[in-house]
Amino acid sequence: MLQSILFGLTTGGILYIIAIGLSLTFGAMGIVNFAHGLVYTIGAYILYTALSSLGLNFFFGALLAVLVAVPVSYVIEKFVIRKLYGQSIDYAIIATYAVLLIGVDAIKWIYGPNPLPISDPVGESISFMSLEMPVYRLIIIGISFLIFIGLSLFFKKTIVGKIVVAGLQDQEAVRSLGINVEKYFAIVFILGSALAALGGVLYAPISTLDPYMGFHILILCFAVVIVGGMGNLRGTAIAAFVLGMVMAITGRMWGPAADAMVYVVMAVVLIFRPIDV
Amino acid sequence: MFSKIEKNPLLVLAVIAGGFIIFGYSTSLPKITDFMIFCIFVLGFDLIYGHMGQLSFGHMLYLGAGSYGTAIFANSVSPDPFLGIAVGILTAALIALILGLVVVRTSGACFALLNLALNEVGAFMVLVPFPEWTGGEDGLSLFFESYGFLDFANPTFLFFFVMASLLAVSYLIMRFVRSPYGVFLKATKENEIRVRFLGYNTYVYKLITFVLSGAIAGFAGALNTINLSYTSPSLIDPTRNVEVIFAALMGGAGNVMGAVIGGTAFMTISNYLARYIIRWEMFLGVALLIFAFKFKKGIWGYLRRV
Amino acid sequence: MLLSVENLNVHYGRAQVLHEISAHVEEGELVCMVGRNGAGKTTFLKTIGGFMKPSSGTVTFRDQKLDGMPLEHVALKGIKYVFQDKRVFGELTVRENIELAAFPVKEPMDEAIGKVLNIHPKMEKLLDSKAKGLSGGERQILLIGRALIGNPQLLLIDEPTEGLAAKIIGQIVGILLQMKSKLSMIVVEQNLATVSRLADRIYVMKEGVIIRDIADRETIENPSLFEEGL
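Protein chains in written order, with my numbering: chain R, 148 to 424; chain V, 855 to 1160; chain C, 230 to 459.
Pulled out of the complex, with its shape left as it was, chain R reads as follows (with noise of 0.2 Å):
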């Protein structure tokens, strides 16, 4: 049981890092992002690559994965996102679930359809009142919450995080000041875009790495903002955690069931709180 909970844990926190950028795209702009699972997708073939064709270790890897990122993001976000303001939500879905379809064929081009297997780059387990807890999770865990702590001073200390969240109450009067709101979104678009590449980094090794993995993602990192709400950081770290262990304990029920569990969870809330956008 106790090996569920970290277990769920280490999904939780995955899941928290790839859907914050997810929560504050939807909760800023107002758009629901499919190209966010594209930029996940990428960070975790640029591992690959590194790892095999450029022989870089894990951390550089991850660090190249991450530093891809933010170009790809700025373009998608320039020459689409930007484009979709103020426009129905249905075009931003739309849109946004093409590019990451014209992605996703681009990395299967690359690399093929089949799976490709990245290994833990840790290897050690460590063993706790007779569990055996791989490092690597722990590792995971502990980013995780090194990334909460990040966000949560970003965005109570410095300028640029006070202008988002008080652009994402009240966008009009933040414009009225003078700032360029606009902007800034970019800027949070760029950094949850990063961090959805760094979630795919971190994933790869206890996953599997094919081109449509960023869909898998995607509808579970949906159900996060959703039942964590839309740009509400706390909330999304506490739906990525609770969700987390939903799979985690459904998992070790009835395995196949552990998505399925986390839709089941997501439809509930969405009945006995529905989001008008």
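Note that these hints are calculated values from the structure, not bench results.
The hints are all genuine.
Quick partial rundown of chain R residues pointing at chain C, CB under 8 Å, derived from the structure:
id : residue
1  : Lys309
2  : Ile310
3  : Val312
4  : Gln316
5  : Asp317
6  : Glu319
7  : Ala320
8  : Val321
9  : Arg322
10 : Ser323
11 : Leu324
12 : Ile326
Chain C regions said to be covered by chain R (calculated; three or more residues, Cβ under 8 Å):
id : segment
13 : 306 to 320
14 : 323 to 335
These numbers come from a predicted model, not from an experiment.
Backbone N, C-alpha and C define an ideal beta-carbon position, used for all residues, glycine too.
Chain R is already provided as a structure; the job is to place chains V and C on it using the hints.
For chains V and C alone, coordinates are given in the frame of chain R:
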């Protein structure tokens, strides 16, 4: 010229029938049968996307419900194809009713994603818990009874049966749109609050539309099962929702001609283009982007201005 | 002339809300917009502020055309908007609210805080409280103070005394009169007594049109003289 066609329902039906007969006999009847079944699905989807104004990212659920409803009925109860179709439609309609009670209360992103989540749950239900009934990953192979010339294994009969179905559904939608319900739906799409202020229960109209849309999708699913004598999880696959969304957008949302054109266009691309362009999915993504940004009204949207 | 509006037409979708509005504000003037609810006063203010685009007509601020300019730029040109409904950034502290206002105009924080404390010294105790905990009057004062940061030349103020007790209204009127020497203002107000105390000039609006431009002191100080027009 094109806008005049639209105003006359019988002319619309004639154009659709004529078009498919020509298309079918000049290429291949079975292939065009596939096309027409997909068009029925698009028509069902367009009822909520174009007419009600809400994007669902999980309409495959109802296609799958109809398909599996028919399949399980044929497998376990009776191989009568007509009863099978009826069961398929009813299954989809019933699921749409139960889920719709809740789903229809939402809108926008919530609506889109809730439908996706339910589609995923549906796909799971088909794949995992009841493999004896649903065939799990492999699906079900089926046999359908024939009655003299009413033989679905006969491509010509199947072709005209599906065409009759398509024309019936098209006519139904055209009547629906012109009825008081249809008018209220259009008003609700434009400004729901105002319609509610006038004292109308928009929830009921939306629910009826949702159930009808699910039933039509289920009809397409049922026809699909009969067409292939086979069903599989790919008929409830959530990642395939993009196909019907693309078709509706590309053809032109909110009208019968648009839905049929869109369905035909999509099937043409996926069937023929795939032979010449290997990376046709990327092409689809690019086309989707272009349509979402530049040609929101779709092909028919621009033609009808002529 | 500080601000000039000519033949302004504004639509909400297909409905026309402002019809051929022409008005002007001189340096140092405080102009009041009065009229019934729905007359178009807020729309007028919002169009000048850049929140809405006119369908036709011009808005000129010190020889520069403002129409179509994005609202961030309008603010940086020296026109600041004070919202209705006391809209502050509730989740941020008073100090942070001021910080956000000071940031785009690069005003040092002590100067910015000073401006707010100048109009309401008691705000000093509230600097580190969350803005949403402030009373209605305090929030309104914060909004006004915030708008003073960056030394604007024109303030657009939407119903500053709405929902406030008489004593607080008096306070706010005092603050606005104090500000008169440094900048010009267009104030939308429903409370005619307040209008009498504040206005140098009054525009009376009805159904999207300006029906009267009152400049003489006698009429201004006697609300009953223009009340029926509403």
